[in-house]
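Student: Just so you know, the protein sequences line up as chains A and B, in that order.
Just so it is clear: in the first sequence, position 21 is 21 by the working numbering, and no numbers are missing.
Just so it is clear: in the second sequence, position 72 is 72 by the working numbering, and no numbers are missing.
What the hints contain is simulated information worked out from the structure, not anything from laboratory work.
Some hints here could point you the wrong way.
[Claimed, not checked] Residues from chain B shown here face chain A by an in silico Cβ test under 7 Å; the list is partial:
{"no.": "1", "residue": "Leu-2"}
{"no.": "2", "residue": "Asp-6"}
{"no.": "3", "residue": "Leu-46"}
Quantities reported herein were computed from a predicted structural model and do not represent experimental measurements.
All C-beta atoms in this analysis are idealised placements derived from N, C-alpha and C, irrespective of residue type, glycine included.
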Amino acid sequence: MTTAQPADRPDPVVRRFLLVSMGLPIVLVGIGVAVQLVLLPQAPATIAIHWNGAGEADGFAPAWTQPLTTAAFGLGIPALIALTTLPGLRRGERGATYRLMGATAAATSALTTVAFTWTFAAQAASPDVADPPSIWVPLAGSLVAAVAVGVAAWYAQPPQDAMDGAVPPAAPLALRTSERALWVRATAMSAGAAVAIVAAVLAIAVAAVVAWMTSAQVGLAWLLTGVALLLLAFAATTLAFHVRVDDTGLHVDSVLGIPRFTVPLADIESAARVEVNPMGEFGGWGVRIAPQGRRFGIVLRAGEALEVTRRNGRRVTVTVDDAATAAALLEALVLRAATRP
Amino acid sequence: MLVRIDAESDAPLFAQIAASVRADAAAGRVRPGDRLPAARDIAAALGVNVHTVLHAYQDLRNEGLVELRRGRGAVVTEQAATLEDLQHHIHDLVAQARAAGLPPDALAALVKEIATHDNRTAG
Numbered sequence: 001m002t003t004a005q006p007a008d009r010p011d012p013v014v015r016r017f018l019l020v021s022m023g024l025p026i027v028l029v030g031i032g033v034a035v036q037l038v039l040l041p042q043a044p045a046t047i048a049i050h051w052n053g054a055g056e057a058d059g060f061a062p063a064w065t066q067p068l069t070t071a072a073f074g075l076g077i078p079a080l081i082a083l084t085t086l087p088g089l090r091r092g093e094r095g096a097t098y099r100l101m102g103a104t105a106a107a108t109s110a111l112t113t114v115a116f117t118w119t120f121a122a123q124a125a126s127p128d129v130a131d132p133p134s135i136w137v138p139l140a141g142s143l144v145a146a147v148a149v150g151v152a153a154w155y156a157q158p159p160q161d162a163m164d165g166a167v168p169p170a171a172p173l174a175l176r177t178s179e180r181a182l183w184v185r186a187t188a189m190s191a192g193a194a195v196a197i198v199a200a201v202l203a204i205a206v207a208a209v210v211a212w213m214t215s216a217q218v219g220l221a222w223l224l225t226g227v228a229l230l231l232l233a234f235a236a237t238t239l240a241f242h243v244r245v246d247d248t249g250l251h252v253d254s255v256l257g258i259p260r261f262t263v264p265l266a267d268i269e270s271a272a273r274v275e276v277n278p279m280g281e282f283g284g285w286g287v288r289i290a291p292q293g294r295r296f297g298i299v300l301r302a303g304e305a306l307e308v309t310r311r312n313g314r315r316v317t318v319t320v321d322d323a324a325t326a327a328a329l330l331e332a333l334v335l336r337a338a339t340r341p
Numbered sequence: 001m002l003v004r005i006d007a008e009s010d011a012p013l014f015a016q017i018a019a020s021v022r023a024d025a026a027a028g029r030v031r032p033g034d035r036l037p038a039a040r041d042i043a044a045a046l047g048v049n050v051h052t053v054l055h056a057y058q059d060l061r062n063e064g065l066v067e068l069r070r071g072r073g074a075v076v077t078e079q080a081a082t083l084e085d086l087q088h089h090i091h092d093l094v095a096q097a098r099a100a101g102l103p104p105d106a107l108a109a110l111v112k113e114i115a116t117h118d119n120r121t122a123g
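Hey, can you work out the whole structure from these sequences and the hints?
Tutor: Following this line, the structure appears as structure tokens:
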């Protein structure tokens, strides 16, 4: 929105992203659904739609649902990816992650469309409901198709350089040798993100409770319970952190106590205040390693962040307000430690 | 929040900690409603006695910058916003004095003189 692009001509990165994440799935699903509709008269009334781990069909549905399922998955998943990725791209954010999201959307669509269409076609060709054809060949075929489409979609998009320019270290705070200083600040996920995470965890918790109450399958109920507890633990430990800078270095502790991250002062080369673009630089939010490597992030939101460069060149980034003061204090402490005998 | 203490300064440590918090409020680093870190955490990081930090918090409560609530610790009051507003005026004043060539010490002495004089007339 800040970039002055004419409304009728979005920039090439966004155009190509839309092409591979929405245009390509529409074409793929169009072909897949058309093939299924042509074969529908020959297909058995009930077809296998689900296979267990041993490759035996264990779920069945009316044949006419298959084109609908194909469209729902083949378009729905790419649409979900595109909708969550587009706002950042439109804001002018760039990075390999955005390119990867476009390729993933196209590949997912190819995977589901080819798998659904192939299994449908195979069953239409040998209409023996009791013994549907093997799942392995269509599965392998759709995986190959997904990889091929994903790679093609990656190269169909222009390369994106993450906005990750070198930021000069902060000017050190004036600190006398007899002085001791401490900088502390709490940092938390934005309220919107926190609500979304809590809602997602609650949804799975509700599913777990329902699974127990209806006693559908004990295994499923345990699985859902386990996932709900695991997500709850992850969410609770990464929603908010205390960031502290003192003469021992940088400390980032979850408000619940774990996890804790520390960069000892002796390991610190420099510190700076930077602007973080979570999607483009880290591929999302949370405790993360940047896709390009050598950069660790506690990324709870976009914007102001403290970035510490270790002596080995690795970087640690924490999104926190007043990062300039923290960086200035770290610079002063590093400088003082270096000049002290 | 930035807290700094100087062992070689003439001012007592608790007064230096209180002055740091006041400066944080003026700079907008702590805002009304913020909770200050637990006294023992600050004491541990600065290598001072926990009672020194509590002494500073008591002084800040007495002047109205924080409220001490059992179980919630030290919470910053609306006075922080006043200090932050004041900071803008002080910056303007300093800029004017600098433009006119008035040395910082002279400005500080003048402000102190007038503030003291006002206190006398008010008291």
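Student: All the hints need checking, so say for each whether the structure fits it.
Tutor: Against the structure, the hints come out as follows:
no., hint, in the structure
1, Leu-2, "holds, 5 Å"
2, Asp-6, "holds, 5 Å"
3, Leu-46, "holds, 5 Å"
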